[in-house]
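Novice: Read off the chains here:
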Amino acid sequence: MPDRLVPMEPEPDTGAVPAGRDQRPAGGREMVRLEGVSKELGGHQAVRDVSLTLEAGKVMSIIGPSGAGKSTLLRCVNFLAPPDSGSVFVDGVEVCADRRPGLEPRASELAELRRRVGMVFQNFELFPHLSVLRNVTLAQERVLKRDRADAERRARELLERVGLADKADAFPAQCSGGQQQRVAIARALALDPHLMLFDEPTSALDPELGAEVLSVMRLLAEEGMTMMIVTHEMHFAEQVSDSVVVMHEGAVLEEGPPEVVFKRPVHERTRRFLNAVLDR
Amino acid sequence: MLEYLGPISEGIAATVTITALAFVLGSILGLPLLAASRSPWLPVRALARFLIDLLRAVPPIVWLFILFFGLAQSLVSLDAYPAAVIGFGCISAAYMAEIYRAGLLAVRRQQWEAGAALGLNRLQVLRTIVGPQAIRVVIPGAATWAIALLKETAVVSVIGVSDVTFLATSESQRSGDGLLIFLLAGGIYILMSLPLALVARWTDARLHRAVAL
Amino acid sequence: MSALAAFLLDADQYDQLLSGLLVSLKVTGLVLLFGLPLGCLLAVLVASRSKPVSLGALAFVEIARGMPALVLLSLVYFGLPQQGITLTALAAAVLALGLNTGAYTSEIFRAALRAVPRGQREAAASLGLTRLSAFRTIVLPQALRIALPQLVGFSILVFQGTALCFAIALPELLSQAYQIGSTTFRYLTVLSIAAAMYAAIAIPVSQYAGWLERRMSARI
Ligand SMILES: Nc1ncnc2c1ncn2[C@@H]1O[C@H](COP(=O)(O)OP(=O)(O)OP(=O)(O)O)[C@@H](O)[C@H]1O
Ligand SMILES: [Mg+2]
Numbered sequence: 000m001p002d003r004l005v006p007m008e009p010e011p012d013t014g015a016v017p018a019g020r021d022q023r024p025a026g027g028r029e030m031v032r033l034e035g036v037s038k039e040l041g042g043h044q045a046v047r048d049v050s051l052t053l054e055a056g057k058v059m060s061i062i063g064p065s066g067a068g069k070s071t072l073l074r075c076v077n078f079l080a081p082p083d084s085g086s087v088f089v090d091g092v093e094v095c096a097d098r099r100p101g102l103e104p105r106a107s108e109l110a111e112l113r114r115r116v117g118m119v120f121q122n123f124e125l126f127p128h129l130s131v132l133r134n135v136t137l138a139q140e141r142v143l144k145r146d147r148a149d150a151e152r153r154a155r156e157l158l159e160r161v162g163l164a165d166k167a168d169a170f171p172a173q174c175s176g177g178q179q180q181r182v183a184i185a186r187a188l189a190l191d192p193h194l195m196l197f198d199e200p201t202s203a204l205d206p207e208l209g210a211e212v213l214s215v216m217r218l219l220a221e222e223g224m225t226m227m228i229v230t231h232e233m234h235f236a237e238q239v240s241d242s243v244v245v246m247h248e249g250a251v252l253e254e255g256p257p258e259v260v261f262k263r264p265v266h267e268r269t270r271r272f273l274n275a276v277l278d279r
Numbered sequence: 000m001l002e003y004l005g006p007i008s009e010g011i012a013a014t015v016t017i018t019a020l021a022f023v024l025g026s027i028l029g030l031p032l033l034a035a036s037r038s039p040w041l042p043v044r045a046l047a048r049f050l051i052d053l054l055r056a057v058p059p060i061v062w063l064f065i066l067f068f069g070l071a072q073s074l075v076s077l078d079a080y081p082a083a084v085i086g087f088g089c090i091s092a093a094y095m096a097e098i099y100r101a102g103l104l105a106v107r108r109q110q111w112e113a114g115a116a117l118g119l120n121r122l123q124v125l126r127t128i129v130g131p132q133a134i135r136v137v138i139p140g141a142a143t144w145a146i147a148l149l150k151e152t153a154v155v156s157v158i159g160v161s162d163v164t165f166l167a168t169s170e171s172q173r174s175g176d177g178l179l180i181f182l183l184a185g186g187i188y189i190l191m192s193l194p195l196a197l198v199a200r201w202t203d204a205r206l207h208r209a210v211a212l
Numbered sequence: 000m001s002a003l004a005a006f007l008l009d010a011d012q013y014d015q016l017l018s019g020l021l022v023s024l025k026v027t028g029l030v031l032l033f034g035l036p037l038g039c040l041l042a043v044l045v046a047s048r049s050k051p052v053s054l055g056a057l058a059f060v061e062i063a064r065g066m067p068a069l070v071l072l073s074l075v076y077f078g079l080p081q082q083g084i085t086l087t088a089l090a091a092a093v094l095a096l097g098l099n100t101g102a103y104t105s106e107i108f109r110a111a112l113r114a115v116p117r118g119q120r121e122a123a124a125s126l127g128l129t130r131l132s133a134f135r136t137i138v139l140p141q142a143l144r145i146a147l148p149q150l151v152g153f154s155i156l157v158f159q160g161t162a163l164c165f166a167i168a169l170p171e172l173l174s175q176a177y178q179i180g181s182t183t184f185r186y187l188t189v190l191s192i193a194a195a196m197y198a199a200i201a202i203p204v205s206q207y208a209g210w211l212e213r214r215m216s217a218r219i
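Chains as they are written, first to last, in numbering that gives the first Met the number 0: chain A, 0 to 279; chain B, 0 to 212; chain C, 0 to 219.
It is possible that part of the hints are untrue.
Said to hold, decoys possible - Covered stretches of chain B (in silico footprint by chain C; criterion: 3 or more residues with CB under 8 angstroms from a CB of chain C, positions within the stretch not fixed):
no., region
1, 63-69
2, 180-186
To be verified - Computed spacing ranges between beta-carbons, pair by pair:
no., chain 1, residue 1, chain 2, residue 2, range
3, C, 90, B, 197, 33 to 39 angstroms
4, B, 5, C, 136, 54 to 60 angstroms
5, A, 222, C, 117, 49 to 55 angstroms
6, C, 113, B, 27, 35 to 41 angstroms
7, B, 134, C, 14, 46 to 52 angstroms
8, A, 92, B, 34, 30 to 36 angstroms
9, C, 9, B, 196, 47 to 53 angstroms
10, B, 34, A, 140, 43 to 49 angstroms
11, A, 206, C, 124, 36 to 42 angstroms
12, C, 90, B, 12, 33 to 39 angstroms
13, C, 113, A, 259, 57 to 63 angstroms
14, C, 13, B, 27, 34 to 40 angstroms
15, A, 140, C, 122, 54 to 60 angstroms
I should point out that these hints are in silico values taken from the structure, not numbers from a laboratory. Every residue gets a Cβ at the ideal spot worked out from N, C-alpha and C, and that includes glycine.
Okay, chain A solo, but in the shape it has when bound:
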């Protein structure tokens, strides 16, 4: 199915060669490090002792069956779901998970972390009472203290880049799902994050609309954005990522470059999962 995807914007490179991956400078600098992150939700161990690293400019895809803990792991990275234990380093900022009263991360630490990390949600979560432009400027003004004019300039620039310059004054409800998700990407990029988290950004979309979103994400990857992507789009994951993480029952089952994980998975469980999703 991914072969039918037609990007909205002309792209320099859409051939069979995995886009972007080989052209980006080898980073080497560490952007994300998770150490022993665990998280329990409602009596269920959603994430078990996960340790991962991701270098600057690289793209990591996280795949695995439903309920494996992918979303929870992603939400641990920006502390939307504060881990029960372990620590999270993002771009030199370390936040330790300590749930004991008085020792939990301070609001200022979380703010510091979250301004470096943009997040894109499965259901977009645009603010329905604000125009598209205001959705993109709000946090710039409140968090980065940019003035209105600067924020709007930056917002229009980003909307242009995601192909939605003409939607600036529309309200979210007047946009298609694919357009809303691209606005959500612009909204996150407006804070100049060093890391972008995507939680199944296309699974609420028809394939055609999902393609618009994937092409924006490809563009981002080519420009060297560090990204962690939870996705069921295996073809996209294979093309765009530098590493693929397979999760199962809260733990990392397997991690490696896409060629290895998709073609020669080590674990039997990975093979079964891939067969199930690729056969569809």
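Starting from the known structure of chain A, fit chains B and C with the ligands onto it as the hints suggest.
Specialist: Coordinates of chains B and C with the ligands only, in the frame set by chain A:
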């Protein structure tokens, strides 16, 4: 018919001002009551919850009697009019706290998360993202409560405030034409509630449109 | 506990309050018995295809809902005798509060009837049921189940509304409390105990209504 309308309508001032003052008082007091009922501290939360339940469980006329007759024997003695405003103000606070709560709950939990992911703090998220969305649910609820309150205030006549119902009752005793007079009084209440009903209907329609999109 | 109770009021006075509470509950029951079928009837009439019937029912609902219950009660108790129709306080209370209940609950019934999926009527029709028997056996039972939480919630308002009968000298709970207060001058004590009695009934019932509501929305 017109000879009755004059005397009864003199009570409109009392009915409207008691309703308006109690509503404003309740809208303000409802906020700390809501905050307390969502406090992380259990005793505070339980106390606020109990207060909200109690204020709504006891009939308004009983609260008025407690304020007017009950407190009259103790140190503070209240006149009927302030007793009416304070009594209905406290009752309104409980109802408004529930209306505010429903407004907050109507906003998807993920909107809090989307705000937090952008680095906004809780107060900023409440002010710029969740609050403005909750308002759309709060306004029709508040208008509905205001209409109910307007009608509930009729019981202030029992403690002697000269509102529409009080004047209708005395006019009926004087003239012996109670059927017509109480129908007129009822009509006046319906007319007074019309503007509120329009607010409720208008915002409700807008709400449905916003949700439908 | 009982020592405190005895300190507050004497046994006769408790009996008096309890008899008042029983009257309040009796009035509540009678009002519901009269008002709920009326509400159901009004809902059906408002939904009628005949314009005059529908508008007439709607006008009645809006008027009976739009005026304060106390005004409606005064109209029935003080207004009707002046036209030669004399009612006892109990009959006046049941009639006035019942009309009010009918008007309010008709809206609840109307929403519930609309909430029964259209397909249910069609399925009943396809089985050859007449419109009347489809309504009685298929639509109404489902609508009642949908309306139940709100009806339970409304019955609390009816119970609270019985306190208005103070104005027509019906010996319900508030009247009894006031009467004790006027002889002992311990208004605060006796009124607080009466308030506690109202709360002791209203709070559990409203929690039950909330539970029903949650169970209902969980099922949908
Ligand atoms: N609030 C919660 N309370 C209890 N359990 C939860 C809660 N949230 C998630 N879980 C459980 O935690 C596990 C991991 O959930 P998570 O949403 O992270 O999975 P996922 O890999 O993202 O799945 P999907 O592909 O369906 O999105 C699941 O078993 C889920 O049922
Ligand atoms: Mg998920």
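Novice: Could you run down the list of hints and mark each one as holding or not?
Specialist: Against the structure, the hints:
1. 63-69: This one holds; 4 residues, not fewer than the three required, reach chain C with a Cβ under 8 angstroms.
2. 180-186: Since 6 is at least three, the answer is holds.
3. 90(C) x 197(B): 33 to 39 angstroms: Given about 37 angstroms between the Cβ atoms, the range holds.
4. 5(B) x 136(C): 54 to 60 angstroms: 55 angstroms, holds
5. 222(A) x 117(C): 49 to 55 angstroms: 53 angstroms, holds
6. 113(C) x 27(B): 35 to 41 angstroms: 37 angstroms, holds
7. 134(B) x 14(C): 46 to 52 angstroms: Since the Cβ atoms of residue 134(B) and residue 14(C) sit about 51 angstroms apart, the hinted range of 46 to 52 angstroms holds.
8. 92(A) x 34(B): 30 to 36 angstroms: For residue 34(B) against residue 92(A), whose Cβ atoms are near 32 angstroms apart, the range 30 to 36 angstroms holds.
9. 9(C) x 196(B): 47 to 53 angstroms: 49 angstroms, holds
10. 34(B) x 140(A): 43 to 49 angstroms: 26 angstroms, violated
11. 206(A) x 124(C): 36 to 42 angstroms: 41 angstroms, holds
12. 90(C) x 12(B): 33 to 39 angstroms: 35 angstroms, holds
13. 113(C) x 259(A): 57 to 63 angstroms: For residue 259(A) against residue 113(C), whose Cβ atoms are near 59 angstroms apart, the range 57 to 63 angstroms holds.
14. 13(C) x 27(B): 34 to 40 angstroms: Check passed, 39 angstroms falls within 34 to 40 angstroms.
15. 140(A) x 122(C): 54 to 60 angstroms: Taking Cβ atoms as reference, residue 140(A) and residue 122(C) lie about 56 angstroms apart, which means the hint holds.
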